[in-house]
Structures are given as C-alpha cells and as structure tokens.
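Peer 1: Protein sequence lines correspond, in order, to chains A and B. Following my numbering, the numbering of the first sequence begins with 1 at its first residue and continues without gaps. Following my numbering, the numbering of the second sequence begins with 1 at its first residue and continues without gaps.
Incorrect hints may appear among the rest.
Claimed, not checked - In silico DSSO-like links for lysine-lysine, alpha-carbon gap of 30 Å or less:
#: 1; chain 1: A; residue 1: Lys3; chain 2: B; residue 2: Lys412
#: 2; chain 1: B; residue 1: Lys392; chain 2: A; residue 2: Lys61
#: 3; chain 1: B; residue 1: Lys392; chain 2: A; residue 2: Lys84
#: 4; chain 1: A; residue 1: Lys33; chain 2: B; residue 2: Lys392
#: 5; chain 1: A; residue 1: Lys3; chain 2: B; residue 2: Lys416
#: 6; chain 1: B; residue 1: Lys412; chain 2: A; residue 2: Lys2
#: 7; chain 1: A; residue 1: Lys33; chain 2: B; residue 2: Lys138
#: 8; chain 1: A; residue 1: Lys3; chain 2: B; residue 2: Lys50
#: 9; chain 1: B; residue 1: Lys412; chain 2: B; residue 2: Lys316
#: 10; chain 1: B; residue 1: Lys392; chain 2: A; residue 2: Lys3
#: 11; chain 1: B; residue 1: Lys50; chain 2: B; residue 2: Lys412
#: 12; chain 1: B; residue 1: Lys138; chain 2: A; residue 2: Lys61
#: 13; chain 1: B; residue 1: Lys416; chain 2: B; residue 2: Lys48
#: 14; chain 1: B; residue 1: Lys412; chain 2: B; residue 2: Lys48
#: 15; chain 1: B; residue 1: Lys50; chain 2: A; residue 2: Lys2
#: 16; chain 1: B; residue 1: Lys50; chain 2: B; residue 2: Lys416
#: 17; chain 1: A; residue 1: Lys33; chain 2: A; residue 2: Lys84
#: 18; chain 1: A; residue 1: Lys2; chain 2: B; residue 2: Lys48
#: 19; chain 1: A; residue 1: Lys61; chain 2: A; residue 2: Lys84
#: 20; chain 1: B; residue 1: Lys316; chain 2: B; residue 2: Lys416
#: 21; chain 1: B; residue 1: Lys48; chain 2: A; residue 2: Lys3
#: 22; chain 1: B; residue 1: Lys416; chain 2: A; residue 2: Lys2
#: 23; chain 1: B; residue 1: Lys138; chain 2: A; residue 2: Lys84
#: 24; chain 1: A; residue 1: Lys33; chain 2: A; residue 2: Lys61
To be verified - Covered stretches of chain A, going by a simulated chain B footprint (3 or more residues, C-beta under 8 Å):
#: 25; stretch: 22–28
#: 26; stretch: 37–47
#: 27; stretch: 52–61
#: 28; stretch: 74–80
These are calculated hints, taken from the structure and not from any lab test. From the three backbone atoms N, C-alpha and C, an ideal C-beta is built for every residue, glycine too.
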Amino acid sequence: MKKISVLLVMILTLSCQSLMNPQEQPVNLIDRKNNIYMTTCSGLAETIGSCYQKAQNTCDKGYSALEEKIDSSGVHRMIRFQCKD
Amino acid sequence: MNKNIKLAVAGAVLALSASTANAGIIIPAGEWTIDINGNVNAFGNYVKVKGPAQATGNGAIARGVAQSGHDNAVGINTGLLPGWLGFTGKTRQNDLDVEFTISMQPGVSNNTATGDGLIGGEYNAFGNRQTYVSFGDKSWGSIKLGKDLGIFASDAILNDMTLLGVGAMADGSLGGLTSNSIYNTTVGGIGTGYIYAAWKGQIAYTTPNFNGFQATVALTNPNQLPQASTQNSIFNSSSGDDPLTRTDIQQERFGLEAKASYSFAGDVLSGKVWVSGVNYDVNTSRTSGQNHTVTAGDIGVNVNGGNFGVTGYYYKGEGAGTTFLGNAGWDSSTNAKRDSDGGYLQATYKLPTATKIGVAYGVSNLDALPADTTLVDKNERWTIGAYHPLTKHLNLVAEFNDIESRTHNGVKSDQKQGSLGAILFF
Numbered sequence: 001m002k003k004i005s006v007l008l009v010m011i012l013t014l015s016c017q018s019l020m021n022p023q024e025q026p027v028n029l030i031d032r033k034n035n036i037y038m039t040t041c042s043g044l045a046e047t048i049g050s051c052y053q054k055a056q057n058t059c060d061k062g063y064s065a066l067e068e069k070i071d072s073s074g075v076h077r078m079i080r081f082q083c084k085d
Numbered sequence: 001m002n003k004n005i006k007l008a009v010a011g012a013v014l015a016l017s018a019s020t021a022n023a024g025i026i027i028p029a030g031e032w033t034i035d036i037n038g039n040v041n042a043f044g045n046y047v048k049v050k051g052p053a054q055a056t057g058n059g060a061i062a063r064g065v066a067q068s069g070h071d072n073a074v075g076i077n078t079g080l081l082p083g084w085l086g087f088t089g090k091t092r093q094n095d096l097d098v099e100f101t102i103s104m105q106p107g108v109s110n111n112t113a114t115g116d117g118l119i120g121g122e123y124n125a126f127g128n129r130q131t132y133v134s135f136g137d138k139s140w141g142s143i144k145l146g147k148d149l150g151i152f153a154s155d156a157i158l159n160d161m162t163l164l165g166v167g168a169m170a171d172g173s174l175g176g177l178t179s180n181s182i183y184n185t186t187v188g189g190i191g192t193g194y195i196y197a198a199w200k201g202q203i204a205y206t207t208p209n210f211n212g213f214q215a216t217v218a219l220t221n222p223n224q225l226p227q228a229s230t231q232n233s234i235f236n237s238s239s240g241d242d243p244l245t246r247t248d249i250q251q252e253r254f255g256l257e258a259k260a261s262y263s264f265a266g267d268v269l270s271g272k273v274w275v276s277g278v279n280y281d282v283n284t285s286r287t288s289g290q291n292h293t294v295t296a297g298d299i300g301v302n303v304n305g306g307n308f309g310v311t312g313y314y315y316k317g318e319g320a321g322t323t324f325l326g327n328a329g330w331d332s333s334t335n336a337k338r339d340s341d342g343g344y345l346q347a348t349y350k351l352p353t354a355t356k357i358g359v360a361y362g363v364s365n366l367d368a369l370p371a372d373t374t375l376v377d378k379n380e381r382w383t384i385g386a387y388h389p390l391t392k393h394l395n396l397v398a399e400f401n402d403i404e405s406r407t408h409n410g411v412k413s414d415q416k417q418g419s420l421g422a423i424l425f426f
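Can you make the complete structure from the sequences, with help from the hints?
Peer 2: Now the structure itself:
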C-alpha cells in the first residue's frame with residue numbers, strides 16, 4: 001500500500017498541467033522512393049518497444065524492420081523500417 | 001499477420017550496431033561524420049536507512065544506521081548513468097566502415113570542499129568509459145579494439161529502467177550518509193539483479209546481422225577483477241592495493257566473453273532474447289601458483305506490445321561473486337569458489353500522457369562457504385518509477401527504491417530512497 005501511495009504521488013507530481021505537453025521523438029521519412037523511415041526512442045520515457053510502436057502507427061499495411069541500434073551508454077536507441085506497399 | 005524482421009545492416013553504418021547509434025549532434029567534416037553525443041542528469045535524493053547495522057561483508061548494498069550514525073540524509077547527485085560527453089567519428093574507406101569513439105563522464109556527485117575534484121584526489125568524479133576503434137563491413141561483420149562496455153551482462157543493464165534513473169545507492173553514500181562519498185553514480189540494479197558489465201579493454205568480433213540474430217565474441221582485459229587477498233572491488237591505493245604488487249592484475253590468459261541475441265518484431269509484439277557468458281582464469285598467488293576460474297552465464301528476454309514492456313533476466317556463476325564480476329567470488333585463503341545467482345523482473349506501461357511508469361524487482365544471491373558468517377547473502381531491490389518526456393530530449397524522473405541486504409548470519413539492513421530529477425540527452 002505504501003508503494004502504491006508513493007506511485008500515486010509520483011504520477012500526480014508529473015501530472016501538472018504545465019507538464020502535459022509531452023513530446024515524443026519524431027518519425028522521419030529518409031527514403032521516399034523506397035518508403036523507408038527512421039525514428040529514435042532514446043532516453044528514459046521511451047523504450048525500444050516504443051520505436052516499434054511508432055513504426056506500426058506509421059505503416060497502414062505493416063512494416064519490415066531494417067535496422068536496430070542501441071548504444072553502449074543505454075541512452076540512444078534507433079530503428080529504421082520500411083512500410084509495406 | 002506477423003511481419004518478418006529484416007535487420008540487415010545497411011549503407012555506411014557499421015555492422016557493429018550494438019555499440020553505436022547515431023542520435024547526437026551530427027557534424028559533417030570532410031571524409032568524416034562526427035557525432036557529439038551524451039547526457040546530463042541530476043537528481044535530488046533522500047535516503048532513509050533502517051537496521052542495527054549494515055549487512056557487512058563484501059557486496060552489501062543497503063546500509064544500516066550503525067555505520068552512518070544517523071538514519072537519513074539528502075544529496076544532489078548523478079543517477080546510475082554519469083554525465084556523458086562522447087565523440088564518435090565515422091567514415092568509409094577502402095570498402096571498410098571505420099569508426100572511433102572517445103567519451104568522458106563528468107559527474108555531479110562530489111562531496112569535497114571545492115566540488116571540482118582538484119582536492120581529495122580519489123574523490124575526483126570523472127570517468128573515461130570508451131576509447132575504441134572499430135572497422136568492418138556488413139558482409140563479414142566488424143572488429144572492435146579498445147575500451148567499451150563489457151560483453152557479459154551488458155544487455156541486463158541496458159534493459160534496466162533505472163539505467164537512466166537512479167536505482168540503488170551503494171551504502172547510501174550518495175545521500176551523504178558517509179563522510180567519504182567517493183561514488184560518482186548510483187548503482188541502479190547492479191548487485192540487485194545483475195553483475196556489472198563494466199568497461200573493459202577488449203578485442204571483439206561481431207557477426208553481421210542475420211535477420212535479427214547477431215553474436216559477439218571477445219578477448220578482454222583479465223586484470224580488472226577484485227584484489228584477491230582483500231576482495232576489494234575498487235582499486236584503492238591507500239588501502240594497499242598497489243598495482244605493482246597485486247598478483248591478480250598480472251594474469252596469464254585473456255578473459256573470454258561472448259553473447260548472442262535475436263531481435264524480432266511483429267504486428268503485436270517486438271522484443272529481444274539474449275544469452276551471454278564469461279570465463280576468466282585467475283592467478284591469485286605468484287608464489288604458490290594458486291589459481292581458479294570465474295565463470296558465469298545469463299539469459300534474458302525483453303518483450304514489448306502496445307504500451308506494455310516486460311523484461312526478465314537470470315544469471316548464475318561460479319566464482320563470479322556479486323555486484324562486480326569476481327567480487328567476493330572466492331575465499332582468498334582457500335581459493336574455494338562461491339556460487340551466485342540472481343535476476344530481475346521489470347514491467348513498464350506508457351500512460352496516455354506519454355508518461356512511462358514502471359515497477360521492478362531484482363535480487364542477487366551469494367552462497368556461503370563453511371567458514372563464512374558475515375558474508376552478504378542477498379541484496380534485494382524494489383523500484384517504482386515514473387518517467388515523463390517533457391520534450392523529445394528532456395525527461396523528468398521520479399523514483400522510489402527500497403533495498404534490503406542480508407548476511408548469512410541474519411543481519412539485515414533496509415534502505416529506502418526517493419528521487420526527483422531530470423535527464424537531458426543529445
């Protein structure tokens with residue numbers, strides 16, 4: 001119960017209106033001809049899973065992952081993917 | 001319908017993809033592309049300890065009141081990851097992708113009077129984790145020479161949500177509970193779920209990426225294990241760990257480390273499964289010729305679906321000790337090895353506000369030899385965290401950590417921490 005209370009306090013703290021304009025790392029089209037995109041999901045609020053989530057949201061007919069990178073510091077993550085036709 | 005992953009390494013990107021990722025400030029410079037990357041993070045921390053004494057013995061994480069003289073403290077410190085300024089240069093020459101990386105890690109934590117590291121030599125909080133060159137091609141893989149993150153257990157720390165947060169504070173010292181707070185960073189989940197991969201001199205070969213499967217084998221610097229007679233895991237000249245007399249920094253065989261991983265992505269789930277292992281031959285006495293081996297292996301999985309993410313990890317070792325590789329891994333008088341194991345479970349969920357919340361439990365166990373009494377038996381950690389992306393490069397962090405350490409003779413100490421802070425990455 002104590003841990004749940006602490007979690008609720010954390011969430012409330014982070015729920016201030018001034019903080020409610022979150023910004024996710026964008027998806028960039030890097031090869032229009034081949035429909036290839038790149039996105040990062042670095043830092044603490046995103047995970048490698050959110051990179052793939054963004055790929056899924058970008059491609060209506062599915063995607064193929066072309067490349068996944070995670071650096072040694074654990075900060076930087078990136079995927080390249082290709083939307084299916 | 002599942003999507004087939006095709007993790008083909010392409011273009012001018014090194015096949016050694018696990019160690020590099022373009023994400024910093026990119027500067028074209030003639031034949032080279034320079035990537036300046038890193039992070040700055042700081043946290044306000046509150047620590048409260050409970051228990052009559054620290055669970056003494058090497059490897060105990062939580063601290064007791066008896067060692068501190070008081071039961072709570074505050075501090076402003078770096079988290080598990082130190083501040084970071086890295087320079088990576090890449091080019092392609094003669095059909096080879098060539099890269100160098102040099103990075104430095106200035107920290108926030110310094111409890112000296114000037115706070116700049118210019119006095120109190122051993123308290124200087126400045127690191128150098130990477131100095132390496134690599135070359136390769138997508139057709140045959142790549143070779144890395146230099147210092148970078150160790151191979152064994154590297155995925156354990158890279159998947160730990162406290163890596164960019166706080167996690168456990170070793171001995172509670174970052175909160176100011178001790179007078180000699182020498183640590184630049186917290187220890188996150190190190191020692192409470194996994195052994196630190198550390199930063200090691202290495203010669204590593206990484207295969208090309210075969211549809212998501214990739215493997216790395218490496219020769220590593222064998223002289224970074226703890227001092228054999230004192231089991232000190234951190235070199236300390238004032239305590240007599242003279243590198244000129246330490247027998248365990250004059251090893252006769254390279255360390256061997258390896259890992260293999262498989263990444264997958266589908267309509268519903270994406271993730272990664274990995275295994276890694278380590279083997280060192282340790283000479284503990286030049287005069288008597290005593291030696292033994294340190295071996296350990298691990299397995300882990302990270303699965304993400306929708307807004308959920310789950311990570312599970314387990315390791316087991318002989319002579320591998322706890323917290324740091326080899327730390328308390330053997331009895332220095334008899335050379336008998338101790339077994340150890342541990343792991344962690346972690347779940348995260350992204351709220352509609354884009355705030356990620358997470359909960360994790362980790363434990364590291366160290367078996368006792370017949371003569372052991374005060375040796376640490378177990379370090380456990382519960383972490384609850386909330387991480388909010390204020391901008392695409394700035395995250396706010398709130399964390400609560402509860403760490404408990406126990407010895408084989410029943411001494412228990414408990415340490416609770418609250419942390420609020422931010423990390424900016426570039």
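Peer 1: Sort out which numbered hints this structure fails and list those numbers smallest first.
Peer 2: none
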